[in-house]
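Student: Residue numbers (the working numbering), protein chains in the order written: chain A, 6 to 120; chain B, 6 to 120; chain C, 6 to 120; chain D, 6 to 120.
A few of these clues could be false.
The list makes no distinction among identical chains, and a pair is therefore deemed to hold if it is satisfied within one copy or across any two copies.
What the hints assert, rightly or not - List of simulated lysine-lysine pairs, BS3-like, C-alpha gap at most 30 Å:
{"hint": "1", "residue 1": "103", "residue 2": "17"}
{"hint": "2", "residue 1": "115", "residue 2": "103"}
{"hint": "3", "residue 1": "103", "residue 2": "69"}
{"hint": "4", "residue 1": "103", "residue 2": "117"}
{"hint": "5", "residue 1": "117", "residue 2": "106"}
{"hint": "6", "residue 1": "17", "residue 2": "117"}
{"hint": "7", "residue 1": "106", "residue 2": "69"}
{"hint": "8", "residue 1": "17", "residue 2": "115"}
{"hint": "9", "residue 1": "69", "residue 2": "117"}
Calculated from the structure, these hints are not laboratory results.
There are 4 protein chains.
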Amino acid sequence: MDDKITTITDLKNFVEDFVQERHWSQFHNAKNLSMALSIEAGELMDIFKWNTNEECERMMSEIKTRQEATDEIADVMIYALAFANRNDINIADAIDQKMIKNREKYPADKFKGHF
Amino acid sequence: MDDKITTITDLKNFVEDFVQERHWSQFHNAKNLSMALSIEAGELMDIFKWNTNEECERMMSEIKTRQEATDEIADVMIYALAFANRNDINIADAIDQKMIKNREKYPADKFKGHF
Amino acid sequence: MDDKITTITDLKNFVEDFVQERHWSQFHNAKNLSMALSIEAGELMDIFKWNTNEECERMMSEIKTRQEATDEIADVMIYALAFANRNDINIADAIDQKMIKNREKYPADKFKGHF
Amino acid sequence: MDDKITTITDLKNFVEDFVQERHWSQFHNAKNLSMALSIEAGELMDIFKWNTNEECERMMSEIKTRQEATDEIADVMIYALAFANRNDINIADAIDQKMIKNREKYPADKFKGHF
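Bound conformation, chain A alone (with noise of 0.2 Å):
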């Protein structure tokens, strides 16, 4: 599978098929799957908490810490998908309409290179 022509969908339906497999959409409410999402981004930031910005960024190019860094976004991509599986968001055009809001917020010429 591949970024370039695999849709959100392909990944929801996806990832759809395993939790029916497993009759596992009974545990899959909204309350569940936001603990899920966070404790695999807790899994995520467990790699680089003792390290610096730039031993982390060392780090992503060593083939071991880069393949758990993967393992552990796939996780966290793999909740989000269950999430908007289970209460029916469409994902493209959440992020499009929050990024609307971010460009309102954050307007491009007044926050170049800082917060």
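Chain A is fixed; fit chains B, C and D onto it per the hints.
Tutor: Frame of chain A, contents of chains B, C and D only:
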């Protein structure tokens, strides 16, 4: 934008343009982005923390809560995409590979309806 | 050690000795410790994520789950104490001051049984 | 209130009184409190996410950031104490026991200055 026709690369480019316009890639190292991702996941949980699973389901059918949750899941996705952009991760492939591990860890015939 | 006679300073010193013996204070800056704290909170949540509130209550009366949760809450406390040590924060005073704000925000007569 | 003379039981009672006055113990099950704890840890991280370790150190010497961080660490402690109250956990003992495990896992002579 719609999940049916939007590819991951479309979304990656959408996020990358926003970051580039503000010269923010200097802040987008692996450590910082993992924190930003976790913080947004926390904000999603904040909507549900004091409610039962059932109440959370009902809340997701109310426009206001639904919009809040949709904005938060968008933020989670935006930082996951930014993490993938900065670290050159193919998300669709990462999910594909992680799902292979998940299927081995949780065979459908042994984990039906439970963990 | 017992909560009835153990002061916050006792616990702060207990944690500080452990850190000093390993020369780990170099890693204990505010940013890193906030991440460590969040990661441990995620591990506590991990125990409960797929269960209903009622199931979680029952689980906490089982020795195994109870021990896991006790270890995780200890980890959370250890990093909160380490954060206070490194940044010279008086925890009892911080709680006292925060509770004044909480009482103003949530007057008891207006928030009885709800938020 | 001062860390030198304030016991954990003092703080537990302080938090418990606040909860009882609002009849909020009904919301304080293990699952919900683990979420609340994680959310507050996320708010603490939010102060530091885009800054380097060194900048975060400097920020903690500014009154405004220092007060924000102090309030967030207080919130983390309040929910950890509430979790211990609801689940009858002796925090000092929990830390003592966890530190025994930590000393075995990280002997001081083998982990001096690194992990």
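Student: If a hint holds in the structure, say so; if it does not, say that too.
Tutor: To see whether the hints hold, each was checked on the structure:
no., hint, result
1, 103 - 17, "both (20 Å within a copy, 15 Å between copies)"
2, 115 - 103, "within (19 Å within a copy, 34 Å between copies)"
3, 103 - 69, "between (34 Å within a copy, 15 Å between copies)"
4, 103 - 117, "within (19 Å within a copy, 35 Å between copies)"
5, 117 - 106, "within (17 Å within a copy, 36 Å between copies)"
6, 17 - 117, "between (35 Å within a copy, 20 Å between copies)"
7, 106 - 69, "between (37 Å within a copy, 16 Å between copies)"
8, 17 - 115, "between (37 Å within a copy, 23 Å between copies)"
9, 69 - 117, "between (35 Å within a copy, 24 Å between copies)"
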